[in-house]
Amino acid sequence: MAKWIIGIIVVVALGAGLWYSGVLNTLMTPPVATPATTGQATTTNQQAAAQPENGMSANNDASDAAIAQDTAAIDAQMQGLTTDSANVDTSLNDKSVQ
Amino acid sequence: MTLKQFIVRAALLLGLVTLVPALALAQTSATAGAAAGASVTTSAAVANLTAAETKAQTRGDTEIDRRTAALTDLNTRVQAMQKVTDTFKQSLSATVSSVISALSTLKTKIDADTDAATLKTDLKSITDSYRVFALVLPQGRIAAAADREVTLVSMMSTLGAKLQARVQAAGQAGNDVTAPTAALTDMASKLQDAQTQAEAAVSASAALTPDNGNATQMASNTAALKTARGDIKTAQADLVAARKDIDTVVAALKTMKTSTTASTTAQ
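Which chain is which? The protein sequence lines are A and B, in order. Using the numbering used here, read the first sequence as starting at 354 and increasing by one per residue. Using the numbering used here, read the second sequence as starting at 1175 and increasing by one per residue.
Please keep in mind that the hints were generated in silico from the structure rather than gathered at the bench. Please note that the accuracy of each hint is not assured.
What the hints assert, rightly or not - What the simulated footprint calls covered on chain B by chain A, stretch by stretch (three residues with Cβ under 8 Å from a Cβ of chain A suffice, anywhere in the stretch; the number is not a length): (1) 1319–1326; (2) 1332–1345; (3) 1403–1413.
From the three backbone atoms N, C-alpha and C, an ideal C-beta is built for every residue, glycine too.
Working from the sequences, and respecting the hints, build out all of it.
If you want it as structure tokens, here you go:
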């Protein structure tokens, strides 16, 4: 009987120690989803947990204002892509003056 | 060691230290003439050069300045890339910086040349180094454009999720959501293809190495870069189409009676 009591005390003490050190919290916290980079416009799972990028609104905000903000942010990047694309053309058409 | 030997050895050495898997920009340097030059003399001795040679010297400086400006601009763009690893960016930036440094050294050497023979050799090294420049610049530009396209795919995917939530809510409220649903489906398809094309562009161009005068390799490099350029254009067209899909969905939502404060809640 005494062995059982000692065993229970040890288990409880071990559990308390793990809780106090934060190990249990770490193990019990669900993993954070990583932002999706593939072109699935209908995927909501991963984007919701990601941080807004390049002037986008909060990922879980689908209000009219948020959509307008996101559209503007996308348009800004589209303009950047136009420039990037033109730079590719320029680099390929470059001729040495020598 | 001859100048040509130096160029080849410098190319091999620099090529070995550039080890980014996704964009292994093998590099030679334009230091050939610069490093070969031993003495730096005063500009007063330029008087030994003919007017034609001095003109060629100026033209050489102009060419180097033009390349340096293009590479510096590329380096700035590289720093703003978002979807590549830090290692990738650092390696690409180091490659570009190395070429810029080599060009600077070469320019200094050319400016200090006082005899026609040395100047001729150094000017030729500009032409030799052009083969490096003509590869590194488009490689970097293609990588930057692909990075922007992947960034846009990510942003549009995020917005697509929001729009889908709104369309779903509108459907549940009794609206006909056939058109916006079709637009969202098309958008997803376009974004998927844009991602694929952007990745293909980098894959087609990243592993190319300077031709070092080899006509066959030069043709191969040119073809690969043009293929990559085509991939970038296709991805760009996909993104433009996806952007129009967004407008279609937003316009449809405006005509529907539904909540405008929907949120994406899936985790």
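Evaluation of the provided hints:
With a threshold of 8 Å between beta carbons, the proposed coverage of the segment 1319–1326 of chain B by chain A holds, since 6 of its residues qualify and at least three are required. A count of 9 residues in the segment 1332–1345 of chain B with a Cβ less than 8 Å from any Cβ of chain A is obtained; the coverage claim is therefore met, three being the minimum. Only residues whose beta carbon comes within less than 8 Å of a beta carbon in chain A count, and the segment 1403–1413 of chain B has 5; three or more means the coverage holds.
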